[in-house]
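Visitor: Line by line, the protein sequences give chains E and D. With the first letter of the first sequence counted as 1, position 279 gets the number 279 in the UniProt record's numbering; the numbers rise by one all the way through. With the first letter of the second sequence counted as 1, position 70 gets the number 70 in the UniProt record's numbering; the numbers rise by one all the way through.
Hints listed in this document are in silico derivations from the structure and should not be mistaken for laboratory results. Beta carbons: idealized from backbone N, C-alpha and C, even for Gly. There may be inaccurate statements among the hints.
Far from chain E by the CB rule (all over 12 angstroms, computed), these chain D residues [as the list claims (entries may be wrong)]:
| no. | residue |
| --- | --- |
| 1 | Asn-5 |
| 2 | Gln-21 |
| 3 | Lys-45 |
| 4 | Lys-49 |
| 5 | Glu-57 |
| 6 | Glu-84 |
| 7 | Val-86 |
| 8 | Asp-102 |
| 9 | Pro-110 |
| 10 | Ala-114 |
| 11 | Pro-204 |
| 12 | Ala-275 |
| 13 | Leu-349 |
Below, computed lysine-lysine pairings styled on DSS-like, alpha-carbon distance capped at 30 angstroms [as the list claims (entries may be wrong)]:
| no. | chain 1 | residue 1 | chain 2 | residue 2 |
| --- | --- | --- | --- | --- |
| 14 | D | Lys-87 | D | Lys-29 |
| 15 | E | Lys-265 | D | Lys-317 |
| 16 | D | Lys-302 | E | Lys-193 |
Each chain is listed here by its residues.
2 protein chains.
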Amino acid sequence: MSEYNVAIVGATGAVGTRMIQMLAESSLKVKSVKMLASARTAGTKIKFKGQDYTVEETTPNSFEGIDLALFSAGGSVSKQFAPEAVKRGAVVVDNTSAFRMDPEVPLVVPEVNAEALNAHKGIIANPNCSTIQMVMSLEPIRERYGLGRIIVTTLQAVSGAGNRAIQETMDQSQAVIDGNPVNPEILPVAGDKKHYQQAFNVLPQIDVFEDDGYTHEEWKMIHETKKIMCEGDMNSDAIQVTATCSRVPVPIAHSESVYFEVLDKSATVEGIHEAIRNFDGDILEDDPANQIYPQPINAVGKRETFVGRVRPDLENKGSFHLWNVSDNLLKGAAWNSVEIAEYLDKMDLLYVPGFIK
Amino acid sequence: MSEYNVAIVGATGAVGTRMIQMLAESSLKVKSVKMLASARTAGTKIKFKGQDYTVEETTPNSFEGIDLALFSAGGSVSKQFAPEAVKRGAVVVDNTSAFRMDPEVPLVVPEVNAEALNAHKGIIANPNCSTIQMVMSLEPIRERYGLGRIIVTTLQAVSGAGNRAIQETMDQSQAVIDGNPVNPEILPVAGDKKHYQQAFNVLPQIDVFEDDGYTHEEWKMIHETKKIMCEGDMNSDAIQVTATCSRVPVPIAHSESVYFEVLDKSATVEGIHEAIRNFDGDILEDDPANQIYPQPINAVGKRETFVGRVRPDLENKGSFHLWNVSDNLLKGAAWNSVEIAEYLDKMDLLYVPGFIK
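With the rest of the complex left out, here is chain E (with noise of 0.2 angstroms):
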């Protein structure tokens, strides 16, 4: 096992803050870090295994000399920056949308597709949060089962967009409980035209819409699913996904309301609550008769995948219906990240391939 100097890019964020924290408790040695974010946020300090770091403003000379360089700044920070990382050796885990679809960049869950790896170039995807908990949640399933029809409904967290997103819930919800009007500024979609109250309602929109009417985060689920899922392509019609992504006001972990069809009909809810059980990363929470399901304030902080409410469609042999619930910023954002790293640490590929150092 070597030793890794590592760089955070977006050190200050939601999901950077995190990525640190993971790094701190990670198997992996850590040889020294270096604290990369914009030039409005550069001269914080930041603390790490309780050594005081300041935040640099990302440039290219930054990544000299740097192993790993995991990056959560925004898809144009990584467009930008994660070649310019790579070309001085860094192998860039990258958790924006920037590279997901680029056929040469691995799109990987640790648990689910670590093969994928073997094939990366320098820069390896990290899924969008609300793909990995679905995913992690299927996979077990697909494995024993095989798997067909995909039909989910998201109820995401605020924080998916963010640490001022969760200011502005709590804001907005203080508030509503005054009686004050509220001013939203950021929820659904930071950079779209209108926003609108998120305090005790839901929205139906994350991320921009495309044209068809499906949103930006709703493509997402669908084709990152099948590239993880499907050997890396992105229009496999061997799994069949649709989705549709609301915006609840809770400020940490997604839930999600999954619809499956197995291929195998003799499929049973207890074979597959062994499956979960049994498969790295997630948790089993299913037993109604004592009121226990996945809910998002106990899964806040977990690395885990929790999973419950698994009962057949009573009507369409087959077909089944479970409920998952992960904290968005850690196994669907830092914690995935820290732990593909590991991985490709385990698996002797933590170097960009015909780069010498």
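Could you slot chain D onto chain E? The hints should help.
Guide: Just chain D now, kept in the frame of chain E:
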């Protein structure tokens, strides 16, 4: 058009207060009103068309001389007093689940199956809130294209559990903002064993669990939808329905993510739009380019069902998504009940068959 003596049973509740408001705004000619509730709230004053009424304790004799009794005081109250009311010549519109599955009792959403009123024997059941807005959004589509399979996930407001559940959610929200502990006592289900935090959380349980892993709310959505849309047959296989019901921290107005298959595979989004636009009681809010879609906060206090996010499953022809929102206390309860009474009046059916006045 006759004039009626009307009783409201459960006059002080979340639905009861809105029944009084809907009755005041109704086309029904009201000769007198009687406000009934439990002994606990008897003596409370309630206004109707500017005049004060004193709430009385419900007894069998409360219904002497009453022509129309609107019930919303819980299933056990309906079971006890609805037959007493009918015995005394009062037509009962019951907003509880007490009689919904009784084959002798029509279960009615007037825009969908008003013709079922013809067979009433004194009691008409008002469906569950989550069922009503789903059939309101699907009936125009069924009429035009036929319906096969329905897969729904609900995001329901806390007012479905009454005024105390709204208060609990607001109190918990303040406690969470202030960093104080919460002490859940009502939600998810007042009568169930465990209670959980609802503020800033999602609870995938509404009503108690059945032995098959479905909640009773999900059971209701399945069988009430069939009874309403399939000529009174709660077990019809003409359409297949399956459901996941969850509670979100929203005070009023349920949201539903509905996936459905039509029989006529030439169905288009434009055709569905047109059908919804022309359907009495529905409002189409579906303009993604301008971020127009149904939201709970916009539906509060309105009688309509709002429908948007209509789009095809891109891999399964003839399958679509929609998103609906409606005020669960109005179309989901009080307004649908008063509307049933208006239809009974217009159809000359507002009397107990065989009862001589």
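Visitor: All the hints need checking, so say for each whether the structure fits it.
Guide: Hint-by-hint comparison with the structure:
For Asn-5(D), the non-interface assignment is confirmed: its Cβ lies about 39 angstroms from the closest Cβ of chain E, beyond the 12 angstroms cut-off. Chain E leaves Gln-21(D) outside its interface by the beta-carbon criterion, the shortest separation being 21 angstroms against a cut-off of 12 angstroms. Listed as outside the interface, Lys-45(D) is consistent with that label: its C-beta sits roughly 25 angstroms from the nearest C-beta of chain E, beyond the 12 angstroms cut-off. No beta-carbon of chain E is positioned within 12 angstroms of the beta-carbon of Lys-49(D); the least distance is around 28 angstroms.
No beta-carbon of chain E is positioned within 12 angstroms of the beta-carbon of Glu-57(D); the least distance is around 34 angstroms. With 12 angstroms as the threshold on Cβ separation, the claim that Glu-84(D) sits away from chain E holds: the shortest Cβ distance comes to roughly 36 angstroms. The non-interface label for Val-86(D) is consistent with chain E: the shortest C-beta to C-beta separation is roughly 34 angstroms, beyond 12 angstroms. Residue-level check passed: Asp-102(D) sits 22 angstroms from the nearest beta carbon of chain E, beyond 12 angstroms.
At the 12 angstroms boundary, the C-beta of Pro-110(D) stays outside the reach of chain E, the nearest C-beta of that chain being 27 angstroms off. Every beta carbon of chain E lies more than 12 angstroms from that of Ala-114(D), the smallest distance being close to 27 angstroms; the non-interface claim holds. The claim that Pro-204(D) lies off the interface is violated: its Cβ sits roughly 5 angstroms from the closest Cβ of chain E, which falls inside the 12 angstroms cut-off. For Ala-275(D), the shortest C-beta to C-beta distance to chain E comes to about 17 angstroms, beyond the 12 angstroms cut-off, and the non-interface label holds.
No Cβ of chain E approaches the Cβ of Leu-349(D) within 12 angstroms, the least distance being about 34 angstroms, so the stated non-interface status holds. The hinted pair formed by Lys-87(D) and Lys-29(D) meets the criterion: a straight-line CA distance of about 23 angstroms does not exceed 30 angstroms. A distance of roughly 23 angstroms separates the Cα atoms of Lys-265(E) and Lys-317(D); the hinted pair therefore holds under the 30 angstroms criterion. A threshold of 30 angstroms between alpha carbons decides the hint, and for Lys-302(D) with Lys-193(E) the separation of about 26 angstroms falls inside it, so the pair holds.
This entry does not satisfy hint 11, going by the numbered hints stated previously; all others are met.
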